[in-house]
Structure formats: structure tokens, C-alpha cells
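Number of protein chains: 2
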Amino acid sequence: MLTTPTIHVARDRFHLAWDPAIPAIETVPSGGVVEFDLLDASGGQLTASSTVADIATLDFARVDQVNGPIAVEDAEPGDTLQVELLEFEHADWGWTASIPGFGLLAEDFPDPAYHVTQLPKGPRAEFLPGIRVPLAPFCGEIGVAPATGPLSTIPPDAHGGNMDTRHLTAGATLFLPVFHAAARLSMGDGHATQGDGEVCGTAIETPMRALVRLTVRKDLHLTAPEFLTAAGPAADRPVGRRYVTDGIAPDLLTAGRDATRRMIDWLGREHGLEPVIAYLLCSVAVDLRISEIVDMPNFVVSAHCPLAIFD
Amino acid sequence: MLTTPTIHVARDRFHLAWDPAIPAIETVPSGGVVEFDLLDASGGQLTASSTVADIATLDFARVDQVNGPIAVEDAEPGDTLQVELLEFEHADWGWTASIPGFGLLAEDFPDPAYHVTQLPKGPRAEFLPGIRVPLAPFCGEIGVAPATGPLSTIPPDAHGGNMDTRHLTAGATLFLPVFHAAARLSMGDGHATQGDGEVCGTAIETPMRALVRLTVRKDLHLTAPEFLTAAGPAADRPVGRRYVTDGIAPDLLTAGRDATRRMIDWLGREHGLEPVIAYLLCSVAVDLRISEIVDMPNFVVSAHCPLAIFD
Chain X
1104 MLTTPTIHVA RDRFHLAWDP AIPAIETVPS GGVVEFDLLD ASGGQLTASS
1154 TVADIATLDF ARVDQVNGPI AVEDAEPGDT LQVELLEFEH ADWGWTASIP
1204 GFGLLAEDFP DPAYHVTQLP KGPRAEFLPG IRVPLAPFCG EIGVAPATGP
1254 LSTIPPDAHG GNMDTRHLTA GATLFLPVFH AAARLSMGDG HATQGDGEVC
1304 GTAIETPMRA LVRLTVRKDL HLTAPEFLTA AGPAADRPVG RRYVTDGIAP
1354 DLLTAGRDAT RRMIDWLGRE HGLEPVIAYL LCSVAVDLRI SEIVDMPNFV
1404 VSAHCPLAIF D
Chain L
1104 MLTTPTIHVA RDRFHLAWDP AIPAIETVPS GGVVEFDLLD ASGGQLTASS
1154 TVADIATLDF ARVDQVNGPI AVEDAEPGDT LQVELLEFEH ADWGWTASIP
1204 GFGLLAEDFP DPAYHVTQLP KGPRAEFLPG IRVPLAPFCG EIGVAPATGP
1254 LSTIPPDAHG GNMDTRHLTA GATLFLPVFH AAARLSMGDG HATQGDGEVC
1304 GTAIETPMRA LVRLTVRKDL HLTAPEFLTA AGPAADRPVG RRYVTDGIAP
1354 DLLTAGRDAT RRMIDWLGRE HGLEPVIAYL LCSVAVDLRI SEIVDMPNFV
1404 VSAHCPLAIF D
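If you read the protein sequences in the order shown, they are chains X and L. Going by the working numbering, the first residue of the first sequence is number 1104, and it counts up by one from there. Going by the working numbering, the first residue of the second sequence is number 1104, and it counts up by one from there.
Calculated from the structure, these hints are not laboratory results. Computed from a predicted model, the values in this text were never measured in an experiment. Each hint should be verified, as a subset may be incorrect.
Note that the list lumps identical chains together, so a pair holds whenever it fits in one copy or between two copies.
[What the hints assert, rightly or not] In silico EDC-like links for lysine to aspartate or glutamate, alpha-carbon gap of 20 Å or less:
hint, residue 1, residue 2
1, Lys1224, Asp1140
2, Lys1321, Asp1211
3, Lys1321, Asp1214
4, Lys1321, Asp1361
5, Lys1224, Asp1162
6, Lys1321, Glu1373
7, Lys1224, Asp1368
8, Lys1321, Asp1368
9, Lys1224, Glu1190
10, Lys1224, Asp1115
11, Lys1224, Asp1195
This is chain X alone, in the form it adopts within the complex:
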């Protein structure tokens, strides 16, 4: 660890709603560094030896917990909380699941699926034989006490929360609007890697150690999360070559679904993947981009699969 934390938050110090009524468990000064020890998004219900049968018995009242809240001295409503993402350290395993009723293609995949990936220290993990995905750990959930609550921890909103944004890796800086005194930051939902969209609803879910620096910005007034991506290796890596499938439709959700379905078809015909494992791979490694959002009445969502995962 390069930075000494001001405080440490143990893995059992979590809560299960975004709610301004939840009191802070610790307080740091502006500029304080917090180390979080985080269970995976199942709250420890799923392990490296779990099977698909365990998806059926998952207690959804205990998922997507977030650890905290951490009060930051001097933060007032209308300020911005600057969250420097200093370090993320994933566990040596992670899970990806298709959970019935959840995910972009829930109608296409009514049955549960569960897939475990071993996570090495290096830059890539073997998701399937011959398919290695780049590791870029981050936390799906980072947020402050919302304006009103309690709110579920599933949908993100102006306070942040479950943004599931893969670009929030170590070295990035997140800015969150402050709604209540002391801001009260919580985080969780460790992801070893993910594609833009997280189409099956889960990434490579993993326990995570996270280190963040929390600074009050009196000069900045935001209405929703904004962030600066990381410099260094994350910025220097090449764009890379991609195979891309399009969805073209009058609404972006349908376009996103169609683009993903066509990517699943391509992963089947070119790489021999069964549809459900292709769906999980899309969630972990394929990016949804809005190619055009103006040529009424049809929009284009494109699913980009980096070819480097097959090298």
C-alpha cells in the first residue's frame, strides 16, 4: 500500500439501502484516506465453490450491500465530494451469473447460470479456455447519502450508488454531489472487470480491498456524478481492434438488446460459445456504445468486442 489510510472499514460494516437516516460509522477530515474491506455483491453468499443451484437460493434481501457510511468533516449540502480512487485489489476469484428476471436479456435467458473465474495477480484472467479478459478492478457502488430515502441499492441515481461504471478504476477521480452534512460515503460491489453496459447484470463479481481519499470541494457544484479517468497505463493502453454488432431501433433499449443478441450470435458462430456463456462474456468484456442518437426515428447502439481477448 502506497498510502496509509486514516481509517479502516471492516467487511461486516455494511448497510442495505441508500438512506440519509443511516448514521455514519466513522468520520474523517477532508483529505482523509479510507480503506474498505468489501465482500462481493452477494454479501458472501456465493463462493468459488458455489454452483448454479446456489443462484436459486440466493437471498436478494442481502445483495448489493455497501460499506460505510463515512462522514467527511465540513461537507455541506451543495458541495462536491471528491473521491480519489487510489487502489483496488480484487480477490483471487470472482463470479459471473445470469439471474432469472434480471439482466438486459432476461427474457432470452430464463434459466440461471453461474461461472467462476480464477483471478491472477497479472493483467488478464482466463474467463474461458482461450479467452482472456483484461482485469481493470473497480467498485460498482460508490455513493453518498441521497437527498431522500430509503432507496434500494440496485438503481443508481444523482447520489451515485450502483453506477456500475467500468472506467472508475484506480487513478480515476469521482465527483459526487453532496446532499447532507458530512456527505456520508459508502461503497461496495467489487468488479474485477466489466464491459460498458454490464448486460447480464453481473460483472466478474469479487471481494475487494479499496483505498480512497475523500476531499470536500467547496468550489464545485454538481447535479450528478462526474469523473476524470485514470492517467498512466489505463490511458496508454491501445484502443485495439474490435468486432462490432449493431442494434437499430426507435428506442435505445431495444437497440441495445438487439446489438447484444447479435454479438451473442457472432460469439457462437465464430468462437463456438453457447449462448448463455456468450451472454456472460458480453457482460464482462463487450462495450455498448451509442453510435448515433439523432437520426430519427432510428438510433444505433453498437456492441464492441475487443479481439485481444482471443489472443
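Following the hints, put chain L in place on chain X, whose structure we already have.
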């Protein structure tokens, strides 16, 4: 030119609808190379010396023309037309406009705007003093005769058309489903560069010389456009560092609008841009990505601005 074209298509050989009733103007064998000389998307109505007043008198019946159609021997319905994008050469100028009633934020920007960019031979163009955008020329419109018609050339669909997809640069290969004998390819709408989304509805619009190789693929059966992005410099360039604004909403269109509005705010407060010129810059250089499309009821669209444009 590295490849000798089989045929040349002059700039006045265009049509103004996607329509299977339009006869081919030329025929090439499978593997034939076609060179297109293309007017800009205004059909030559706008020039480097036009002003915002010319937006008001634009004849919309003459915009988004496409040149062709080119018949490809042996192409049959159910085949795929492989379009290798060999070369794109933009003119030495281009225009970007906000056109009343058109664009993602048409309600926010009711007045017309018109901006001319000088386009050098090099890799970047000065869009504004101190803001240089990377040039990555492509054609917004590439399509085959649609299943039924006539259709407007504005919305894209399964036949391709106005996909406005910035990743279709030289070196990429586009695959289009074939609906009619000889496929009948047309293209137009030269863009010197664009962001994912093309939020104001125009890119850097420019006359273009395009060179493509057309090959019939009997082994491939698609339902919509798919493509392989370019190898070489386009793939090797770094991802780069970005400032990102989020839109979080129950529908992706609203999320895209909110993310773009917040990016316009950031370009104002950090870089001193007036809202309308920031809107044009977003269309030219900012990318809309779907960060998450599963955490019901709220989705996240993120607008990514590459910081390299300010170097």
C-alpha cells in the same frame, strides 16, 4: 491511391431515398473496387463561406444524398455484402451545424448555428483555438437497397444507411445483409471526424473521396450491419484520459440528453465555451457510452470527452 478502382462514381450521380426501385448506375464483379467522389451531406448547398443565415434557407429535400447504386454481380437476397473501406480522403474544410428541430438537444438550442473547420492533411484539425480534434474520416451513409421502400435517407435500418458510426474508418470492413439481387450499394455523408452519438446531428461534414472493395459473401447471413474495426494506427492509438459526465434516468434517451447537457456545462465552466459551440464540439469529439443498462429502473449513459483535444 494504392488500389486501382474498377469504376469511378462522379459526385452528381446521387439519389435521395433508399429504394429498391432505383436501378443500379454501374455494375462491378464481386471483388470490384469503387471510387466515389462525394458531395457533403448538404448536397453542396453549404460551403466554406456559408454563414448561419444559410441554415435557414437550406433545402432539406436535397440533403443526405447517397451516390450509387452500384450493382455487385452474383449477390442474392440472403447473402452478405462485404464492404472493405480502403481509403477516405476528406476535403480541406468541413462544417458543423445545429439545425433547428434536429439533434439530441433540439429543445435547448432552438436557434441555428454554423461552424467551419479547416481540415489539414495531418492527424488533427483546430476546431476552435486551442481545441484540436483527431481526424478519422468515414462515411455516415453506407447501405444497400432496402427490403422495401422508398425510405428516407435520414434513419438507418437493417440495410445500413445513415448509421453515422465513427468506427467505420479506412481499414474497417463492413458487412451488410443483401435484400435484392446485386445488393446495390450506395454511400455518402462524408465526416472528417465525429463522437459516438453525433449529438447535435452533424459531424464535421465534408466532401469526401471514398474507395471501397465490394465482395459477395455466400457464407454469411446477417440481419443487420456488423463490422470489423481497422487494424494499424486506428487500433494502436491510446485510449487516452477523459472527463466524463453522467446522465442517470429510467430511459436511455433522457440519460443521453442529461449526460450531454452536463458535458456542455463542464466545457463552459472549465474551458469557457459558449453552450452552442460546446454542443457542436460534443457532436464532433465526445463519446456516449452506455455504462449500465441493467440496474432497473435507472440506466447510466456517460459522455466521455478526450482530454487530448486540449493539448
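State whether the alpha carbon distance between Lys1224 and Asp1162 is at most 20 Å within one copy, between copies, both, or neither.
neither (31 Å within a copy, 60 Å between copies)
Measure nothing new, just compare the shortest in-copy and cross-copy C-alpha distances for Lys1224 and Glu1190 to 20 Å and report within, between, both or neither.
within (14 Å within a copy, 42 Å between copies)
Intra- versus inter-subunit Cα pairing at 20 Å for Lys1321 with Asp1368
For Lys1321 and Asp1368, the Cα distance is within 20 Å only across copies (18 Å; inside one copy 50 Å).
Have a look at Lys1224 and Asp1115 and pick one of within, between, both or neither, based on CA distance no larger than 20 Å.
The answer is neither: 25 Å in one copy and 59 Å across copies each exceed 20 Å.
Homo-oligomer pair classification [Asp1195, Lys1224; C-alpha up to 20 Å]:
Close inside one copy (8 Å), not across copies (49 Å); limit 20 Å.
Measure nothing new, just compare the shortest in-copy and cross-copy C-alpha distances for Lys1321 and Glu1373 to 20 Å and report within, between, both or neither.
between (53 Å within a copy, 16 Å between copies)
Lys1321 and Asp1361: within-copy, between-copy, both or neither at 20 Å Cα
Close neither inside one copy (44 Å) nor across copies (23 Å); limit 20 Å.
Between Lys1321 and Asp1211, at a C-alpha cutoff of 20 Å, which is it: within one copy, between copies, both, or neither?
neither (48 Å within a copy, 29 Å between copies)
Is it within, between, both, or neither for Lys1224 and Asp1368, if the alpha carbons may be no more than 20 Å apart?
Neither: 32 Å inside a copy, 40 Å across copies.
For Lys1224 and Asp1140, with the copy left unspecified, which applies at a CA distance of at most 20 Å: within, between, both, or neither?
within (18 Å within a copy, 53 Å between copies)
Alpha-carbon proximity between Lys1321 and Asp1214, which holds within one copy, between copies, both or neither at 20 Å:
Neither, since 49 Å and 35 Å both go past 20 Å.
Checked against the numbered hints above, the structure violates hints 2, 3, 4, 5, 7 and 10; every other hint is satisfied.
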